[in-house]
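Trainee: Next come the chains, spelled out residue by residue.
2 protein chains.
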Amino acid sequence: MTVLILTSEEDVTADMVVAKLHKTGVPVMRLDPADLPGKAVLSAGYSHGDFKGHLSVNGHVLSIGGLRSVWVRRPGEPAAHAPHPSPWLTAETRQALFGLLYSGSPRWMNHPRNADQARLKPWQLRVAHLSGFAVPPTLITTSPRLARQFAAEHENVVVKSASGPPPGDPALALPTTLIGPDTDFSGVAAGPALLQRYVPKHADIRLTCVGTRLFAARKVAEPGQVDGRYGDTGHAWEAVPVPERVGKSVYEYVALAGLAYAAFDFAEEDGIWWFLECNQSGQFGFVELETGQPISEAVALWLSQREADHRVPQFR
Amino acid sequence: MTVLILTSEEDVTADMVVAKLHKTGVPVMRLDPADLPGKAVLSAGYSHGDFKGHLSVNGHVLSIGGLRSVWVRRPGEPAAHAPHPSPWLTAETRQALFGLLYSGSPRWMNHPRNADQARLKPWQLRVAHLSGFAVPPTLITTSPRLARQFAAEHENVVVKSASGPPPGDPALALPTTLIGPDTDFSGVAAGPALLQRYVPKHADIRLTCVGTRLFAARKVAEPGQVDGRYGDTGHAWEAVPVPERVGKSVYEYVALAGLAYAAFDFAEEDGIWWFLECNQSGQFGFVELETGQPISEAVALWLSQREADHRVPQFR
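Residue numbers (UniProt numbering), protein chains in the order written: chain P, 1 to 316; chain D, 1 to 316.
Derived by calculation from the structure, the hints in this document are not laboratory data.
Incorrect hints may have been included.
Which copy? The list can't say, so a pair holds if one copy fits it or any two copies do.
[Said to hold, decoys possible] With a Cα cut of at most 20 Å, we get these calculated SDA-like pairs of lysine to any residue:
#	residue 1	residue 2
1	Lys219	Gly282
2	Lys20	Ala171
3	Lys248	Gly49
4	Lys39	Ala91
5	Lys52	His235
Predicted, not measured: the structure shown is a model, and the values here were computed from it.
Just chain P, with the same shape it has in the complex (with noise of 0.2 Å):
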């Protein structure tokens, strides 16, 4: 039984996972979709109600019958090395490598579908409401109106993206900032603009979820700070135990959302953990590096057990 991870070929974090699994002996194969066609071959035959299924990379064979769990972790386009990439070749290659993974009945860490839906962030706000984790008041619109309203009523306001930052390269950062009530708020009706009452935090929580394992580290922040992500403030990241009533919301937050792995951002306030947002992809290695936390040993555990995950349904 063959843990299938679906990485691009430099990624340092799944080689850290792919360490912890060799060493449990589980046969891993790697994969990176853009090399599918021609690294990789693959076939999918369905006779007689059933189904037959193998993947072959570098001319090691897996079955699909074989497959025991999908790590998805950084994987490239379809068909992006193909000699002739395409558009329509990306689709039809898309087509055939998820069609073979979606009709066996490996467990995913994380399903696609429902990393789909986890990257949306009003739902995850939405989401963490009814796990009973604390949510800072928070306001998506393309109303300059009532965005000025929101600015008015909280006073100290952040404001972020919600899909993340612009695309390019080089990559722009674009930090959460903070902005007062007399800001100029007609921008807001040509893009939709995430306000988010400031939290005046003590410190930045990373919480990290692997199946029914937790893994929380603080990092103290200096005062008023926004952003921890840009710039150092000479703070490291600390293990702290996960409190009970925390770790029951993470467990609902999963269970709704459909995720084996989940990362969460916390802002601590006076003994508070604000929910900032949930990444289903988020990173774990500079966490496992400051903490030691054993996080790509829980992930190479996870991979390699045998059960099936009843939280991540099969078919919907």
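Chain P is already provided as a structure; the job is to place chain D on it using the hints.
Mentor: Only chain D this time, still in chain P's reference frame:
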């Protein structure tokens, strides 16, 4: 309680359904996501464990709490009509619009997450197996050797695209094509091929499923005809009853796939309905026109019902 239709402006089929909805007196809002931001304004507020949202189009305001159902019918790309469109503006607007709609609890025809999954043709074949349909032996492969072997075994084989014809303007027709065992299969290595045993059909069957209502139509095929979508044989679509066994499989399929609407294509041979594909957004206007089956009315009724559809869960 309003019905929201996500559609581009020129859409005759949507017009048919809107006319039926007007008759029932149910309020309807029509939105092309391409018109957001611009003609449309949205706002989603997450505060104190609660969620409030609204959407307004041309001054008509819809509260998300008053949203009954959403019909995803040919929506344009979010922000496509903006004065300065960009991939980032589209990504941000998609987050805002679908984040808002996912945060409510409307009934979906169909939920975009399930729709995306349902487009995978190889997965359709697997779900068809599991639902008890007869499925012609099919192979999807990038291996010329296996393609050759499949063609030799089944003698009469058709080749078709999994994702549809290549995008482009003018659109390229790509009919399902009969090929012989002497075909040169070497090109299969450059892009996956979908091969299927040819069914010497007596008729094409289109079965439209709207909630729990089924509408089957049959069109006589000329001997040796391969792809019923191209060329006029002079035969028309005629309403036919749904065999009990097929109906059972249809209900099983839409339950597994989480679909409220689905258009099934079958090839009829000696009374057997061979499953070819299930299009979750398949057209129904042409069938209604020729058979008089009240499909647009059924869609309007489904959209105007109040009760939640437990087959399409909100969060997973």
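Trainee: So which of those numbered hints doesn't the model satisfy?
Mentor: Violated hints: 2, 5; rest satisfied.
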